[in-house]
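There are 2 protein chains.
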Amino acid sequence: MKITSALQWIGDCQGYLELIDQRVLPGTWSKLVCRDTAQLWQAIKTLAVRGAPAIGVSAAYGLVLALQQSKATDACGALKDLIQQAHYLASSRPTAVNLFWALDRVRRSAEQLVADQAQADKDALLAVVFAEAEAICREDVVMCQRIGEHGERFIGEGCGVLTHCNAGALATAGQGTALSLMFEAHKRGRSFTVYADETRPLLQGARLTACELQRAGIEVKVLCDSMAGWLMKQGQVHAIVTGADRIAANGDAANKIGTYSLSILAREHQIPFYIAAPSSTFDLSIENGQAITIEQRSAEEVTTLQGVDLVPAGVGVYNPAFDVVQASDITALITEVGVIEKPSAEKIRDHFSRSK
Amino acid sequence: MKITSALQWIGDCQGYLELIDQRVLPGTWSKLVCRDTAQLWQAIKTLAVRGAPAIGVSAAYGLVLALQQSKATDACGALKDLIQQAHYLASSRPTAVNLFWALDRVRRSAEQLVADQAQADKDALLAVVFAEAEAICREDVVMCQRIGEHGERFIGEGCGVLTHCNAGALATAGQGTALSLMFEAHKRGRSFTVYADETRPLLQGARLTACELQRAGIEVKVLCDSMAGWLMKQGQVHAIVTGADRIAANGDAANKIGTYSLSILAREHQIPFYIAAPSSTFDLSIENGQAITIEQRSAEEVTTLQGVDLVPAGVGVYNPAFDVVQASDITALITEVGVIEKPSAEKIRDHFSRSK
Chain A
2 MKITSALQWI GDCQGYLELI DQRVLPGTWS KLVCRDTAQL WQAIKTLAVR
52 GAPAIGVSAA YGLVLALQQS KATDACGALK DLIQQAHYLA SSRPTAVNLF
102 WALDRVRRSA EQLVADQAQA DKDALLAVVF AEAEAICRED VVMCQRIGEH
152 GERFIGEGCG VLTHCNAGAL ATAGQGTALS LMFEAHKRGR SFTVYADETR
202 PLLQGARLTA CELQRAGIEV KVLCDSMAGW LMKQGQVHAI VTGADRIAAN
252 GDAANKIGTY SLSILAREHQ IPFYIAAPSS TFDLSIENGQ AITIEQRSAE
302 EVTTLQGVDL VPAGVGVYNP AFDVVQASDI TALITEVGVI EKPSAEKIRD
352 HFSRSK
Chain B
2 MKITSALQWI GDCQGYLELI DQRVLPGTWS KLVCRDTAQL WQAIKTLAVR
52 GAPAIGVSAA YGLVLALQQS KATDACGALK DLIQQAHYLA SSRPTAVNLF
102 WALDRVRRSA EQLVADQAQA DKDALLAVVF AEAEAICRED VVMCQRIGEH
152 GERFIGEGCG VLTHCNAGAL ATAGQGTALS LMFEAHKRGR SFTVYADETR
202 PLLQGARLTA CELQRAGIEV KVLCDSMAGW LMKQGQVHAI VTGADRIAAN
252 GDAANKIGTY SLSILAREHQ IPFYIAAPSS TFDLSIENGQ AITIEQRSAE
302 EVTTLQGVDL VPAGVGVYNP AFDVVQASDI TALITEVGVI EKPSAEKIRD
352 HFSRSK
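Residue numbers (our numbering), protein chains in the order written: chain A, 2 to 357; chain B, 2 to 357.
Be aware that a few hints might be false.
[Said to hold, decoys possible] Covered stretches of chain B (chain A as the covering partner; in silico rule of three or more C-beta atoms under 8 Å from a C-beta of chain A):
#1 177 to 186
#2 196 to 203
#3 295 to 306
#4 320 to 333
[Unchecked claim] Which stretches of chain B does chain A cover? Using the computed rule of at least three CB atoms under 8 Å from a CB of chain A, they are:
#5 40 to 46
#6 209 to 218
#7 265 to 273
[Said to hold, decoys possible] In silico DSS-like cross-links for lysine-lysine, where the CA-CA straight-line distance does not exceed 25 Å:
#8 B:K343 <-> A:K234
#9 A:K343 <-> B:K343
#10 A:K46 <-> A:K32
#11 B:K81 <-> A:K234
In case anyone wonders, no lab produced these hints; they're calculated from the structure. The beta-carbon is built from N, C-alpha and C at its ideal position, and this holds for glycine as well.
Throw the hints in and build the complete structure from the sequences for me.
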């Protein structure tokens with residue numbers, strides 16, 4: 002079955018962004034059309050589109066929308082609007098670095114054009130920005146594939162693999178990061194069972210990961226997040242693979258809340274813990290995980306579920322969206338360039354300098 | 002505010018058992034009347050009444066209902082019916098030992114009467130059985146109070162206390178086990194914050210623990226189970242207190258699924274981990290936790306929530322109701338008799354032999 006990624010740009014540079022509205026999956030597969038940056042900001046903020054790479058690609062296309070909606074008549078004015086909209090889109094979510102990375106990359110390509118060609122008009126700017134967004138999207142597809150190829154060997158025949166949240170096609174423009182390993186292992190004829198943590202509060206594991214794996218014909222079992230440790234204790238988990246939202250220079254990796262606990266439990270049970278993420282998820286400007294901003298989200302995500310109240314009115318809630326896995330608890334980082342075993346600042350520096 | 006326990010017997014030995022239907026809390030406080038053992042079996046099975054001590058007391062009263070419904074005309078026939086109904090009630094849930102303990106204790110009192118008094122009639126048997134059930138209930142109230150008094154010193158001024166599931170008044174006939182420590186600390190004027198794991202799949206923490214603490218005027222915050230580790234890492238948790246459903250001779254303790262993970266995370270963060278439970282929760286007939294039967298519950302508990310589907314149809318589920326904390330990870334067991342620090346088979350044996 003065809004893998005369905007999170008987003009698609011429809012048309013040429015005057016086109017629009019189409020997202021799968023992930024808030025209503027798996028019950029409803031509906032498309033959410035973004036024709037301006039406000040719609041996209043809202044879609045990112047409310048997790049209609051989520052997953053670090055998918056947010057990055059969406060934001061890149063968001064700057065195409067920014068230029069479409071710009072009332073400026075010349076390239077300089079349009080660039081100013083683009084930069085302002087880039088700041089606006091960057092404010093939608095604070096943790097995943099791919100968002101800032103993609104916005105920066107598109108902004109730089111626009112600035113370059115204006116700097117290089119004094120005569121460039123707004124149409125030329127739009128063409129350059131659209132080309133850069135398209136490049137980011139195409140590269141994301143290739144990157145997903147490469148991550149899977151580099152990491153599939155960690156998914157052995159007959160093993161149990163635990164994953165958390167959703168790092169699949171729905172988190173990228175391609176076939177995912179963590180799940181790409183599984184799709185590639187499956188393609189090679191291996192049988193294995195994926196245990197998908199349901200991932201409270203928004204249930205990306207139960208709703209999205211289970212759905213993707215089922216559609217791909219891979220055996221998947223859903224469990225509550227609290228059950229993962231006991232499953233490990235029973236010897237049912239042979240590898241843990243997750244994605245990441247930001248990886249610091251030393252290898253500390255932010256990912257969906259609950260990943261930190263899994264990493265401690267993995268160490269306790271001597272289970273290898275892999276993180277699969279593209280280069281764009283690395284933030285080499287920060288020394289370690291302590292510098293990563295952790296998004297706190299609204300209490301309502303925890304207290305209600307599709308209109309049903311789960312918590313008595315007036316009770317406080319703790320709802321961080323992410324946590325940080327220590328580099329020392331990561332068996333290997335899997336990128337599109339290759340595998341970094343036992344990550345450290347030095348190895349990460351080498352990895353990326355070699356790949357240039 | 003008055004603490005509301007899980008159950009109440011209404012009337013004399015011809016009366017009936019009234020339960021708070023915990024499936025619909027905190028939205029609805031409705032009473033569930035049990036006038037026969039089939040109704041009670043269903044109430045235990047579906048978790049209308051839950052919590053090891055509350056199940057035990059309910060089952061004791063269940064044998065009063067068994068005698069009421071017995072068609073036997075003499076004590077011997079009625080005793081036979083009682084024993085049969087004790088087996089039936091014991092089949093409702095396999096893990097909490099208090100259920101078997103209470104049924105055994107009532108059965109033994111009935112057998113004793115028939116053995117001692119050849120002339121005893123059915124009414125005499127009913128009187129004895131009712132008296133024993135009433136004694137178990139009264140003792141449970143006192144036991145809760147004592148556990149709180151022995152353990153309140155572990156809830157220090159200004160501290161953060163994490164708990165999992167519900168080991169409060171709603172889990173007992175009294176003021177609870179783990180929460181009794183908090184009620185007693187609060188009574189002594191201490192301020193502290195309780196972090197209540199929501200406790201998927203059935204959300205006893207979000208629904209019941211949050212409700213009880215809020216009503217008592219104790220500050221409570223609800224978090225998803227996956228967030229507890231990160232909260233510990235932030236230094237916000239100074240003690241963890243849970244109840245237990247069965248404690249083996251060596252101190253290994255079964256409790257709601259997720260407790261095992263918490264115990265590993267507690268060790269990692271050097272946070273004391275306390276288990277509060279009455280003597281009736283100890284099963285000295287089993288050497289260690291490996292002999293504890295872990296109840297597997299239906300997939301629907303995980304896949305749906307109040308009619309809302311959370312998981313794609315056809316996806317498998319892993320849903321154990323309990324897990325087991327290793328004795329070596331328990332800082333202290335708190336019973337109505339006192340505190341067993343760093344529990345071991347020897348200390349537990351001594352504890353109970355001294356208390357006789």
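Going through the hints against the structure:
1. 177 to 186: violated (count 0)
2. 196 to 203: holds (count 6)
3. 295 to 306: Satisfied; 3 residues make the cut.
4. 320 to 333: holds (count 3)
5. 40 to 46: violated (count 0)
6. 209 to 218: Satisfied; 3 residues make the cut.
7. 265 to 273: It holds: at least three residues are needed, and the stretch 265 to 273 of chain B offers 3 whose Cβ sits within less than 8 Å of chain A.
8. B:K343 <-> A:K234: Given that 25 Å is the threshold and the Cα spacing comes to 22 Å, the pair holds.
9. A:K343 <-> B:K343: Since the Cα atoms of K343 of chain A and K343 of chain B sit roughly 35 Å apart, the hinted pair is violated (cutoff 25 Å).
10. A:K46 <-> A:K32: holds (17 Å)
11. B:K81 <-> A:K234: violated (43 Å)
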